[in-house]
Structures are given as structure tokens and as C-alpha cells.
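The numbering used here numbers the first residue of the sequence shown as 57 and each following residue consecutively.
Bear in mind the hints are in silico, worked out from the structure with no lab data behind them. Cβ coordinates follow ideal geometry from the N, Cα and C atoms, glycine included. Just to be clear, a hint being listed does not mean it is correct.
[Said to hold, decoys possible] Computed cross-link-like contacts, DSSO-like style, restricted to lysine-lysine with a CA-CA straight-line distance of at most 30 Å:
{"id": "1", "residue 1": "K453", "residue 2": "K520"}
{"id": "2", "residue 1": "K441", "residue 2": "K453"}
{"id": "3", "residue 1": "K456", "residue 2": "K392"}
{"id": "4", "residue 1": "K456", "residue 2": "K441"}
{"id": "5", "residue 1": "K70", "residue 2": "K520"}
{"id": "6", "residue 1": "K441", "residue 2": "K242"}
{"id": "7", "residue 1": "K189", "residue 2": "K69"}
{"id": "8", "residue 1": "K69", "residue 2": "K520"}
{"id": "9", "residue 1": "K189", "residue 2": "K441"}
{"id": "10", "residue 1": "K67", "residue 2": "K242"}
{"id": "11", "residue 1": "K189", "residue 2": "K453"}
{"id": "12", "residue 1": "K453", "residue 2": "K392"}
{"id": "13", "residue 1": "K392", "residue 2": "K69"}
[What the hints assert, rightly or not] Cβ-Cβ distance ranges computed for the label pairs, FRET-style:
{"id": "14", "residue 1": "G344", "residue 2": "R433", "range": "23 to 29 Å"}
{"id": "15", "residue 1": "G293", "residue 2": "G92", "range": "55 to 61 Å"}
{"id": "16", "residue 1": "E210", "residue 2": "S412", "range": "40 to 46 Å"}
{"id": "17", "residue 1": "G293", "residue 2": "P62", "range": "49 to 55 Å"}
{"id": "18", "residue 1": "E404", "residue 2": "G92", "range": "34 to 40 Å"}
{"id": "19", "residue 1": "R340", "residue 2": "G89", "range": "52 to 58 Å"}
{"id": "20", "residue 1": "W240", "residue 2": "A480", "range": "30 to 36 Å"}
{"id": "21", "residue 1": "R81", "residue 2": "G355", "range": "24 to 30 Å"}
{"id": "22", "residue 1": "R433", "residue 2": "R154", "range": "33 to 39 Å"}
{"id": "23", "residue 1": "E210", "residue 2": "S74", "range": "25 to 31 Å"}
{"id": "24", "residue 1": "E452", "residue 2": "Q508", "range": "14 to 20 Å"}
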Amino acid sequence: MEEFRPFCWEKEKKMAGSGLSYRVRLQDYVLTGEDGAPEASMFSYSYLRDPAGAARPVMFCYNGGPGAASGWLHMGLLGPQTVSLPGYPELRAGGGYRLEENAAFLADVCDIVLIDPVGTGYARLLDGEKAGKYYSTAGDAAAFARFISDYLRENGREDADIYLLGESYGTIRNVALADALPGWVKLRGIVSIGTSLNVGARGTMYVEPNVRRLGANAAACWYHRHRDELPLEDFVGEALSFAYGDYARALLMGSRLPESERDAALDALSRFSGLDRGFLSANRLRFGEVDFLLRLCPGEVVSAYDSRLTYRPGAAEGYEGAELGERAIASLDLGKDAFMNSAGPAFERALREYSSASLAAPDGREYRSDMLEIARRWDYRGYGKDTLELPRELMEKNEKLRFLFVNGYYDLMSTFDFVLCYLAQYGLPPGRTECAVLPSGHASYVGEGMAQELSGRIREFIGKGS
57 MEEFRPFCWE KEKKMAGSGL SYRVRLQDYV LTGEDGAPEA SMFSYSYLRD PAGAARPVMF
117 CYNGGPGAAS GWLHMGLLGP QTVSLPGYPE LRAGGGYRLE ENAAFLADVC DIVLIDPVGT
177 GYARLLDGEK AGKYYSTAGD AAAFARFISD YLRENGREDA DIYLLGESYG TIRNVALADA
237 LPGWVKLRGI VSIGTSLNVG ARGTMYVEPN VRRLGANAAA CWYHRHRDEL PLEDFVGEAL
297 SFAYGDYARA LLMGSRLPES ERDAALDALS RFSGLDRGFL SANRLRFGEV DFLLRLCPGE
357 VVSAYDSRLT YRPGAAEGYE GAELGERAIA SLDLGKDAFM NSAGPAFERA LREYSSASLA
417 APDGREYRSD MLEIARRWDY RGYGKDTLEL PRELMEKNEK LRFLFVNGYY DLMSTFDFVL
477 CYLAQYGLPP GRTECAVLPS GHASYVGEGM AQELSGRIRE FIGKGS
């Protein structure tokens, strides 16, 4: 059993290239119950400029999971040193990495606070009986709201413009947290990377899933089948036109669709999805998310996190060449995903290297990067609000609030099509809503030039609020 002693460490630093000076602070935040007894802790990495000025923007950042620490964002986008993966996306398990000074470090425009939720990183659940309180959408949002409120007060930053940046489940946390923050917090912007607002949501998109996934499916198909024929954007554009036109009509018409139109739809769907025409015909022009991962590249499994990557499973996993039985589909394990098995270990090693060389750590405390146990225990249903409706409601209450949605073409976990469809269906104010689709995967900052491009978008987004 680890002994928990609250930790705080701070040091002055300077970027070798740009000469930018900053302070880095690592700190526990203890969450107590009504009786004052410690129940859990959160852990933060702050990158600060001196003198800050009371109004200098502060951006609070976190990954998702639920159950993930902030290491991905820390080492991929927001820290003073970031990970480079040579040759990506032609990366294989155990591939190398380089730590490089982050030339796009955002500390010149805002203070950056990376937060590890309860039970992740160096943060801990101190009272096991309180797991249900913190491992839920509502409890997590309440804990983050307490953290941010106390952070701003303790550091004299009550007048600062506040930005939230979340990735994957962190995009759900974005809106639940924004709704939980006290009214005095000057929330000005929310950055949503790999938007997943529909996970556990009470509402429904009322749009055929195959229609609103086909753009991302087409991007994967383009990479594996059509790269030499035409640009990505052109192929995806054609796929989207088909998806919301002839394909949507074909699915709605079903058996009433004339045979000639059905044949044309099958030809187009096979071209844009890369799936076998016979399979699509037998399944009435529909295919599941797992079907796509297993069938696009026969004998290989496409990564849901970055569809450019694949892995070749063994016979023991239920695969025999291109033949994929029910056993294979049922046993698909995202823990073996090609992206997670290649980039994941590289990021973990890079964080350890950076931490040991440049930071400190709580004595005797193990760093926990991804706690699947937390995800399995997570309570979405207890949250009483619709996360699909919340962004619009938040923007109606706060006329200065803006959103930046960022997704990757090759992300099959949270597709860019979802965001395009969501914005069209839910009526967010267009003048305060931006959408960026990058040639990247779920972690939009991974790949040559991606972190610099995304940092530029965020820098511009914050600049518009000043």
C-alpha cells in the first residue's frame, strides 16, 4: 500500500532554442469530503510565465479514457519537450522515438495546466469506498470544477480568461465541467480534440450511423487503396456527397429501391469503403464498425485510433487469412490496436525520460498512464444532462464562449463526420464555432508537422479571445 503525502515541486526553466523562460510546478490537489477527510487526489503539471498578470489566459488540459492520465497531451502537444516518431505512420511495435524541444510551445500565449484525474498518473483514490463518487461523469466534472476554482483563487487568477482543452472522453468532460464551473469563472473557449460527445449521451443524432461514418471510412480506404489516384480531400469529398445523397436514399428506400439504383449504390459504396461488394449486398448496404476494421485490409486489422496503421493477428485469435468468423469479431481487442501498441510505449518511455531528466516525482508513487479498470467502472448514466445538448446551452448562457473542434481524417474512434453532422443538427452559433480536420488519427498531434499545425490553430483560437 502506497503512503500518500501531498507533493509540490517547482523550478525555473528556459527553452534552449527560443529562450522562453517559464516556471514548471508539479502539485497534488486533495479532494476532501464534507467531514474534511481526504477522499482522493488529482495531480497537475503547470507551465507558467512570470510575471503572469492577473488577466493572462489559463488553459486547463486533460486526456480522456475515462481513466487516462494527461501524458499523451503532455508529450504530444503541450509540454516544452514533445515526442517525435520517425517514419510515422509506417511505425511498428517497439519503434523508436525522439524527444525534441517544442518549437510551438504555447506558454508564450497562456499558462498551461495539465491535470491527471483521480486514480491516474500520480493521482490517487484515497478512500476506496468513494470510487463511485469520482468515477462518474457527474463526480468527475464536480472534482475538476473544484480543482479549477481553487487553483484560480490560490494563484490570484480569478480575472483570467479560461480555456478548457480535452481529448476523447475529455471532450465530454469539457462540457460537463463547463456546466459545473461557478459563474465567476471567465470561461472563454473550449478545445475539443477527438470529439466523443455521443458516448453515454442521453440524446440521439437521428442520422443513419453508416451515413455519418462513411467519410472516415473513405479516408482509410483512400490511404490503403487510392493514394496514387487523387488527393485525400477530393476522395473524401466525393464520399460525403454520396453518403448524404444516393447512399442515404438507398438505405431509407431499402427493398423499394430500383435494382439499377441499388447496383449503382453498391458500386459506389464498395469504392468508398473498400469492402467487398458481395458482403455489402448480403448485408443490405450496411456494415458495422468492427466489420470495417477487419475487412478493409484482408488478413490484417485496421487501427481504430489511426486507420493508416494495421496489425496482423495470429491464427489463435480466430483469423484464417481473409476469412473472419464470429469468434474473430467477438474477440477484437483494442488493447492490441496497432497505434496503441506502437505509439503508446513510445509515449510512455518519452514521459519517463523527460520526467527523470527535467522534473521530480512523489517518492514511492507509481505513475499510472491508463487505468482500464476506471473505464470499466465508469458511470455515464447517472449524469442527468444530455452532453449533445450542453454545448449549445452553454453558449446560450455565455455569449463569449467559443468552441474549436479538432478531429483527424483517420480517426475511427471519434470520426470527423460525427462533428460535421453534429454541428449541422444541433445549431451551435456558427460565428463562435470552428472546426478543423487534420490528416491525422485520434491523437491529432501525432505525425510529422501535426503538433505544430494544431498548436497554431489553438494559438489563433486563444488570440481571437483577447
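Against the structure, the hints come out as follows:
The straight-line distance between the Cα atoms of K453 and K520 is roughly 20 Å, inside the 30 Å bound, and the hint therefore holds. With a C-alpha separation of about 16 Å, the suggested pairing of K441 with K453 holds against the 30 Å cut-off. Distance hint between K456 and K392 is unfulfilled; the C-alpha atoms sit about 43 Å from each other, more than 30 Å. Taking the CA atoms of K456 and K441, the gap is near 22 Å; set against the 30 Å cutoff, the hint holds.
Only pairs whose Cα atoms come within 30 Å are accepted, and K70 paired with K520 is accepted, the gap being roughly 27 Å. For a cut-off of 30 Å, the pair hint linking K441 to K242 stands: about 22 Å separates their Cα positions. Straight-line distance between C-alpha atoms of K189 and K69 comes to about 38 Å, which puts the hinted pair past the 30 Å bound. Pair hint K69 plus K520 holds up; C-alpha atoms about 28 Å apart against a cutoff of 30 Å.
Under the criterion of a C-alpha separation no larger than 30 Å, the hint pairing K189 with K441 is consistent with the structure, at around 17 Å. At roughly 28 Å between alpha-carbon atoms, K67 and K242 fall within 30 Å of each other, so this suggested pair holds. For the suggested pair K189 and K453, the alpha carbons sit about 28 Å apart, so the restraint of at most 30 Å is met. Proposed proximity of K453 and K392 is contradicted: the alpha carbons are some 43 Å apart, above 30 Å.
Note on K392 and K69: the hinted pairing is violated, with a Cα-Cα distance of about 38 Å set against a maximum of 30 Å. Separated by about 26 Å at the C-beta atoms, G344 and R433 satisfy the suggested range of 23 to 29 Å. A beta carbon spacing of about 59 Å between G293 and G92 agrees with the range 55 to 61 Å that was offered as a hint. Against the hinted window of 40 to 46 Å, the Cβ-Cβ separation of E210 and S412 comes to about 28 Å, which falls outside the hint.
Distance hint for G293 and P62: a CB-CB separation of about 53 Å, consistent with the stated range 49 to 55 Å. A hinted range of 34 to 40 Å holds for the C-beta pair E404 and G92, which are about 36 Å apart. Hint check: R340 to G89, Cβ distance near 54 Å, so the stated range 52 to 58 Å holds. The supplied range of 30 to 36 Å is met by W240 and A480, whose beta-carbon atoms lie about 34 Å from each other.
The hinted window of 24 to 30 Å between R81 and G355 is violated, with their beta carbons roughly 50 Å apart. For R433 and R154, the Cβ-Cβ distance of about 37 Å falls inside the hinted range of 33 to 39 Å, so the restraint holds. Between E210 and S74 the beta carbons are some 29 Å apart, a value that agrees with the proposed interval 25 to 31 Å. Checked against the hint of 14 to 20 Å, the pair E452 and Q508 fails, with Cβ atoms roughly 35 Å apart.
The structure is inconsistent with the numbered hints 3, 7, 12, 13, 16, 21 and 24, although it conforms to all the rest.
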